[in-house]
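Visitor: Sequence:
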Amino acid sequence: MKNKKVFNITIIALGLMISFAIQGCKNVDKEYHEQLVKMHAEMDSIHQTMETAHAKFEKEHERLKSQHEATDSIIDEASHKAYEMEHSKMMKKHAALLETHEKLMNEHEKIEQSHLDGDKDIEEIKSEHEKLKSDHQSMEKEHKMMMEEHEKMKSEHLAMQKEHEETMDKSEN
123 MKNKKVFNIT IIALGLMISF AIQGCKNVDK EYHEQLVKMH AEMDSIHQTM ETAHAKFEKE
183 HERLKSQHEA TDSIIDEASH KAYEMEHSKM MKKHAALLET HEKLMNEHEK IEQSHLDGDK
243 DIEEIKSEHE KLKSDHQSME KEHKMMMEEH EKMKSEHLAM QKEHEETMDK SEN
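Counting in our numbering, the final residue of the sequence shown is number 295, and the numbers go up one at a time with none missing.
No lab work stands behind these hints, which were simulated from the structure alone. If you're wondering where the values come from, they're calculated on a predicted model, not measured in any experiment. Each residue gets a CB set at the ideal place from its N, CA and C atoms; glycine is no exception. Some hints could be false.
Pairs of lysine-lysine, PhoX-like flavour, derived with a Cα cap of 20 Å [unchecked claim]:
1) Lys242 with Lys253
2) Lys276 with Lys292
3) Lys274 with Lys263
4) Lys214 with Lys232
5) Lys187 with Lys203
6) Lys203 with Lys214
7) Lys232 with Lys248
8) Lys215 with Lys203
Simulated restraints on C-beta separations [stated by the list, open to error]:
9) His202 with His223: 24 to 32 Å
10) Lys211 with Glu182: 38 to 46 Å
11) Met261 with Leu238: 51 to 59 Å
12) Ile247 with Lys274: 53 to 61 Å
13) Ser249 with Met227: 30 to 38 Å
14) Leu186 with Lys211: 50 to 58 Å
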């Protein structure tokens, strides 16, 4: 449409220029005037040819536009089907990912529960360890007391043995 306006303005401008030239030539050479008239006629002929070509162009443009719209409709249907197929694939992948996610979450919960159970076991072991440590300390104290008692008894035994030997020596004398 824009090209048609530019074209029309150009033709009008040429027509005006030729018209002014013809008017200016009336006082000039007749042969030159005839050349200008002939050129003007040729310009009119060219203009007519261009208008005919433009009309053909417009007609072809409309035909192509119509064909393009029909093709777009076919392409839209085809691309819509392709989109639906792609969407279907994506939904299947999404479902598979959700299933995998669910499995991983279940596995995570099992591991977490196992960890909590392990923590509970660790607390029980720590408690048992503290009890054993306390029992061990008590046993060490008792052992120490027994060793002291043993040393005391040993000492008494030695004293008694010595006394016995002295008594035996006296009785032999």
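Visitor: Against this structure, judge whether each hint is valid.
Guide: Hints and how they fare:
Between lysine 242 and lysine 253 the CA atoms are separated by roughly 17 Å; this keeps the pair inside 20 Å, and the hint holds. Straight-line distance between C-alpha atoms of lysine 276 and lysine 292 comes to about 24 Å, which puts the hinted pair past the 20 Å bound. A distance of roughly 16 Å separates the Cα atoms of lysine 274 and lysine 263; the hinted pair therefore holds under the 20 Å criterion. For a cut-off of 20 Å, the pair hint linking lysine 214 to lysine 232 is broken: about 27 Å separates their Cα positions.
Taking the CA atoms of lysine 187 and lysine 203, the gap is near 24 Å; set against the 20 Å cutoff, the hint is violated. Annotation: proposed proximity of lysine 203 to lysine 214 holds, straight-line Cα distance about 17 Å (limit 20 Å). A distance of roughly 24 Å separates the Cα atoms of lysine 232 and lysine 248; the hinted pair therefore is violated under the 20 Å criterion. For the proposed pair lysine 215 and lysine 203, the alpha carbon gap of about 18 Å is at most 20 Å, so the pair holds.
Distance hint for histidine 202 and histidine 223: a CB-CB separation of about 30 Å, consistent with the stated range 24 to 32 Å. Between lysine 211 and glutamate 182, the C-beta spacing of about 42 Å keeps the proposed range 38 to 46 Å intact. Checked against the hint of 51 to 59 Å, the C-beta distance between methionine 261 and leucine 238 comes to roughly 34 Å, which is inconsistent with it. For isoleucine 247 and lysine 274, the Cβ-Cβ distance of about 40 Å falls outside the hinted range of 53 to 61 Å, so the restraint is violated.
The beta-carbon spacing between serine 249 and methionine 227, approximately 33 Å, falls within the hinted interval of 30 to 38 Å. Our hint of 50 to 58 Å for leucine 186 and lysine 211 is violated, since their Cβ atoms are close to 36 Å apart.
Of the numbered hints stated above, those contradicted by the structure are hints 2, 4, 5, 7, 11, 12, 14, listed in ascending order.
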